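Colleague: If you want the building blocks of each chain, they are given just below.
2 protein chains.
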Amino acid sequence: MKKNIFYAQSGGVTPVINATASGIINSYLKNKKYFGKFFAGKNGIIGALNEELIDVEKENINQIKLLKSTPGGAFGSCRLKLKSPREFQRILDVFKAHNIGYFFYNGGGDSQDTTNKLNEYCKSQNYSLVCIGLPKTIDNDLSVTDNCPGFGSVAKYIAVSTYEASLDVQSMCQSSTKVFLLEVMGRHAGWLAASSGVLKSNKKDAPHIILFPEKTFVQESFLKKVKNTVNENGYCVIVASEGIKNSKNQFISDSGGKDSFGHAQLGGVAPILASLINKSLKYKVHWSVADYLQRAARHVASKIDVQQAYTLGMEAIKYAKIKKSGIMLTIDSKKSKKYSWSIGYTDLKNVANKEKRLPKKYISNDGYAITQSCRQYISNLINGEDYPKYKNGLPLYSKLRKILIKKKLDKFEL
Amino acid sequence: MKKNIFYAQSGGVTPVINATASGIINSYLKNKKYFGKFFAGKNGIIGALNEELIDVEKENINQIKLLKSTPGGAFGSCRLKLKSPREFQRILDVFKAHNIGYFFYNGGGDSQDTTNKLNEYCKSQNYSLVCIGLPKTIDNDLSVTDNCPGFGSVAKYIAVSTYEASLDVQSMCQSSTKVFLLEVMGRHAGWLAASSGVLKSNKKDAPHIILFPEKTFVQESFLKKVKNTVNENGYCVIVASEGIKNSKNQFISDSGGKDSFGHAQLGGVAPILASLINKSLKYKVHWSVADYLQRAARHVASKIDVQQAYTLGMEAIKYAKIKKSGIMLTIDSKKSKKYSWSIGYTDLKNVANKEKRLPKKYISNDGYAITQSCRQYISNLINGEDYPKYKNGLPLYSKLRKILIKKKLDKFEL
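Note that the protein sequences, when read in sequence, are chains A and B.
Going by our numbering, the first residue of the first sequence is number 1406, and it counts up by one from there.
Going by our numbering, the first residue of the second sequence is number 1406, and it counts up by one from there.
A portion of the hints provided could be inaccurate.
Remember, identical chains collapse to one label, so a pair may be satisfied in a single copy or spanning two.
As the list claims (entries may be wrong) - Only pairs whose alpha carbons sit at most 20 Å apart, straight line, appear in this in silico EDC-like list of lysine to aspartate or glutamate:
id, residue 1, residue 2
1, K1501, D1815
2, K1522, D1737
3, K1796, D1610
4, K1687, D1659
5, K1807, D1610
Hints in this document: simulated from the structure, not taken from any laboratory.
Everything numeric in this text was worked out from a predicted model, so none of it was measured.
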């Protein structure tokens, strides 16, 4: 009897994680003779623990087609790091009960660690399971792979939004707002903050200041730079990573006070920096926190990012066919003048729980900008547009029915 | 000698104010034999006071073409309400010195008031000036006109962004974020907050709660509604206008406390509501403040909005040719099943300093949603896509040289 497939989405979602799902499902449908059925975990790996397996072939084929251009995680995702042998054994029990022979885990560093551990656990229990990790993270912080699917689209959103907002503040600066500040994601790695820098071809261009989590935030030099920029330029555009810290290694976002309800302010480095600038330099400041808007912005996705995410899904089936286990697929760029890439793979051990921060050579000497090599790296990944279809002014995004297969086991306490 | 034209952009800019500029310039170029030269005020009406007149024909024709798809205010805008006769007299002096016979003012309610006053002032001084107001505001709060250019595109941005972020939180809600909150502009009128509601075709759809400035914010009923929504639905999406107030008529955004730098928190209703929900209901909350991103988001403009903005500019020249003065052009929709519109006009007195808030019939009985008639009204205005051209992954936006003509008068103290 041919073995079934189990696919799960993991961690924070991206504009293109469903493109990977679309790629793997389409390739499965073309290679059906080699496999049994295709199940997706409802809400990621929780679906395996709860024995909630979505029967993908019960979905409407048009909705499956729309997956490639739909943001979010269509089957549901979760934040859950598996730790106990009890959990691994449960997954094994569920996989045995449903004849699962292939496990695809679509996630970031933590998820690759889980895939690796499950692979080891199954080996130790003499259960044959092909375990393949599929990279996904807007933070672009996975090692070995040249870049991560999801990053290119969010980078494009940030670059486009920074460009647009900079034209706005430029229009208004003589009599009104002098500073615009955008907070972007990337708590530990500055790849997303860096992506705003692709705009800049000379000193006068926005963004004038990028604040990276890799660099200590120094209030005095920051304020001096803001002031000089406004004096020279009339206005100043700042892009700040949510994860910037002061010299005591404290998150700046944690320095918010209590509001009038008596509650500690929740996160948000932008309002804190905006207050600092306004009170210290008396400039009118506008600020924006992109948060989920950036992570879900499929409407302005990068074409190259969508292609890579989709191809990763397609290739996963190829490796499953030859029963290659214990690997994560990677995007390998070629050293050539024109950007080109292909799909490779690496041992899960090489990527599990590792974090790739922005390298020093990508940050300018003053710490507030990116270098030309960084600009080139990011430019390659935001190239091309891949618009969703629209109906009545709104994007047509996939709506799945998520029909579960019948359970065979007892309930598991999470 | 044929009279020259003076065009100025005013107030907060929009994704399509340059489309109006593009329309009026293109129509001028086709009708050149009727007019002298075309000047644009550098930074709006400040350009008239400072005698800083941009010679539009010195711009590269390709950059003029790109204006139609460029956000921000390409000639610069300003926030300045003219009050003193000294200011009106200065404008008259500048207009006389440069043979200006036509004044087009592209702005909101305040600007229409200024246009009206300048029109009256010139009459009283026996100076013949054709004064025409061109509507512009993302807030959609001008009276007489059926809608305002700029609103449709920002409404589309908000509707699309809310839809996308709702898919994100829906994916994550079982094990992580339960509430997503988006703050949008519209300090006095709820049109932009309302625009998120076009998504919703049944009770379960996002957004689950819209907070309008027209409705008093009541903490208890709001928290109850959030809790019930999460219980029924697994997650809750909230869109809040920046201008919501409590029963004491205080802005909720003013209830932020001091941060660790000792500064009062600057604006932002989203972080305050997020803290309130988190502390009261213990849900993980994500929040976003769109701010300038929404107002500058030309990359996801509404096609109908761009068409209306452009056509307004074209029609302005038609009215100038017949020397129709003291009017603001309007967008008049026809009462028919399929949405259709045409350009009309109204006396400036009818629009100056008036504000059109969201009518009662557009807000649901519980105060947290829009009605079907509101949904239809907004749907008409977000229809169709009008993408900018892209190069190397970024939009191609217009870059003007803004070459000023030679000054003839003494300096004026602003």
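Colleague: Work down the list of hints and note, for each, if the structure agrees.
Modeller: Evaluated hints:
1. Taking the shortest Cα distances, K1501 and D1815 sit within 20 Å of each other inside one copy (14 Å), while across copies they are farther apart (89 Å).
2. Taking the shortest alpha-carbon separations for K1522 and D1737, neither the intra-copy value of 25 Å nor the inter-copy value of 65 Å comes in at or below 20 Å.
3. In this assembly of identical chains, the alpha carbons of K1796 and D1610 lie at most 20 Å apart only when taken from different copies (17 Å versus 36 Å within one copy).
4. Taking CA atoms no more than 20 Å apart as the test, K1687 paired with D1659 passes between copies only; the shortest distance there is 18 Å, against 23 Å inside one copy.
5. Taking the closest pair of Cα atoms, K1807 and D1610 come within 20 Å of each other only across two copies (17 Å); inside a single copy the shortest separation is 47 Å, beyond that limit.
The structure shown violates just one earlier hint, number 2.
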